[in-house]
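Undergrad: Could you put together the complete structure from these sequences and hints?
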Amino acid sequence: MRRATPLLVGAALLLLLPLAAIEPRAWLTLTVAGLAMGMLIFLVAAGLTLIFGLMDVLNFAHGALFSWGAYAGFTVAVAVDGRWGWAASPSVWANAGLLLLAVAAAVAVAFALGVVLERVIVRPVYGQHLFQILITLGATIVLEELIRVAWGPNDQVMPVPATFQGSWDVADVVVLRFPAIAIGLGLLVYGGMQWLLTRTRVGLIVRAGVENNEMVQVMGHDIHRYFTGVFAAGSGLAGLGGLMWGMFSQSVRPSMGGEQLIFAFIVVIIGGLGSVTGSLVGALLVGLAYNYVAFLVPKAAIGVTMGIMVLVLLARPTGLYGAGK
Amino acid sequence: MDVLELEGVHTDIGQHHILQGVSLRVRPDAVTVLLGRNGAGKTTTMRTVMGVLPPSRGTVRFEGRPIHGLPPHAIARLGIGYVPEGQGIFAALTVEENLRVAMRAENAESRERMRRVLTLFPDLERFRPARAGTLSGGQKQMLAIGRALVNPTRLLLIDEPSKGLAPIVVEHLVGALEAMKRETTVVLVEQNFAMASRLGDDCYVMDDGRTVYAGSMAALAADRDLKRRYLGI
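Line by line, the protein sequences are chains A and B.
In case it helps, this note's numbering puts the first sequence at residues 1 to 325.
In case it helps, this note's numbering puts the second sequence at residues 1 to 233.
Take the hints with a grain of salt, since some may be wrong.
[Claimed, not checked] Example chain A residues on the side facing chain B (calculated, C-beta under 7 Å, incomplete):
no.: 1; residue: Leu17
no.: 2; residue: Thr200
no.: 3; residue: Ala208
no.: 4; residue: Met219
Calculated directly from the structure, the hints in this document are not laboratory data.
By construction, the Cβ of each residue, glycine as well, lies at the ideal position given by its N, Cα and C atoms.
TA: This is how it looks when you write it as structure tokens:
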């Protein structure tokens with residue numbers, strides 16, 4: 001609770017301060033967009049923070065998994081839309097079906113790629129940060145080029161189901177539909193992760209491993225099984241983030257993951273390495289600040305996220321929720 | 001049969017050749033104490049047995065079976081408990097969670113063992129829902145030992161349990177270790193000679209990565225000359 005109070009004050013300030021400069025309706029739209037962007041970054045950062053916290057692995061290939069998830073979902077969405085016309089269909093069920101199939105494809109492909117990456121390229125470099133950076137950057141290049149080979153180098157239009165396009169008019173306020181859904185999904189994922197981490201035995205062992213993975217091993221737990229599981233689950237989340245981002249921006253392109261990865265790393269550092277809640281708070285902070293500043297001073301938008309990171313690190317070198325190792 | 005047997009064990013950490021031929025035998029139901037100066041290789045010996053630092057040469061046998069080369073979790077599952085120096089507790093987890101994560105499986109038997117641990121260490125029962133990071137040094141040590149006891153343990157390795165603890169807390173700890181001694185075989189690394197000689201049956205002295213003396217604890221404690229030569233006391 002002691003930690004929650006300054007956080008709530010900070011959140012209120014962050015949300016209300018821009019109201020001084022932005023007229024209320026534009027502010028509300030920006031806030032929804034900022035929360036949605038934050039939630040999508042959270043999907044990417046959540047996996048990254050657990051992988052770093054538990055396995056001490058700097059995974060720069062996380063962004064490539066984001067792109068692969070987006071393209072896998074894109075392929076399924078195009079195929080389903082082409083065959084049955086589910087994207088343009090007025091039926092909510094057909095629309096939702098398309099979204100679910102695309103989500104399933106994105107998560108499955110990124111999850112499977114995650115298993116392969118962990119087993120083949122990450123496992124030999126445990127404990128060696130420099131090699132991890134080099135080899136996961138290498139993997140990123142390979143994976144991104146493979147996207148160009150398979151899908152071509154240009155931007156492509158992501159089919160977005162009709163139900164989720166446009167906006168709802170709630171009491172004269174425009175609420176964009178897809179961002180609203182992204183926010184809901186983000187909360188759902190956060191809730192699911194919290195449940196898994198705090199209520200299940202697997203989560204207990206993972207949390208212990210984040211603190212001290214050697215101790216978990218000498219207690220008789222095969223940490224490598226948990227490593228693979230967390231890496232693959234984190235990859236699946238990155239894939240989910242990629243697909244949602246593709247639908248949010250209504251397009252996919254091979255380099256999309258790399259751009260998001262920068263945000264995700266900033267968020268992981270702001271939130272504290274290994275903390276899922278920290279990632280959520282950091283992601284929302286970055287998403288909101290980015291949108292407000294992009295509206296007021298467009299050129300300063302990227303800079304403000306870096307600025308937040310610097311401020312947080314000055315005040316709390318381990319990040320908002322980081323325990324520090 | 002000896003519970004644990006090391007024969008000509010060599011272990012490297014990076015470029016450094018830390019263990020240079022450690023041989024020792026641990027009798028069942030006895031407390032074997034490892035003594036020696038800082039940097040003699042006592043902790044490395046324990047980490048080698050646990051498989052955290054696999055030996056480059058030599059054999060480690062547990063109940064006659066070679067275990068060097070097995071991963072740490074497999075070694076632990078044979079029934080070897082390990083309480084590392086500095087306790088290795090999970091500060092962000094609660095006391096109860098620390099005990100639960102130590103269980104190899106959560107079942108009626110392990111929960112019964114946890115109840116026994118909580119009766120053995122009433123402080124742990126009292127602070128059960130508290131974060132382990134908030135415990136005092138002595139309580140953390142109780143927790144670290146308690147964690148090793150929630151599984152059936154045939155051999156317990158304890159590394160410097162008295163380090164950094166107040167004398168009155170050490171006294172309490174000796175009581176707990178004496179109770180434990182009746183249940184399992186113990187290998188104890190300890191710098192506190194008074195404590196080591198009260199608990200120990202057998203003893204080995206290590207120096208520069210080798211075992212240089214083996215004998216009964218009582219014999220070493222009684223022999224001033226030996227003590228001065230090997231331990232500088």
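Undergrad: Identify every previously stated hint that the structure contradicts and give their numbers, smallest first.
TA: Hint check: 1 and 2 fail, others pass.
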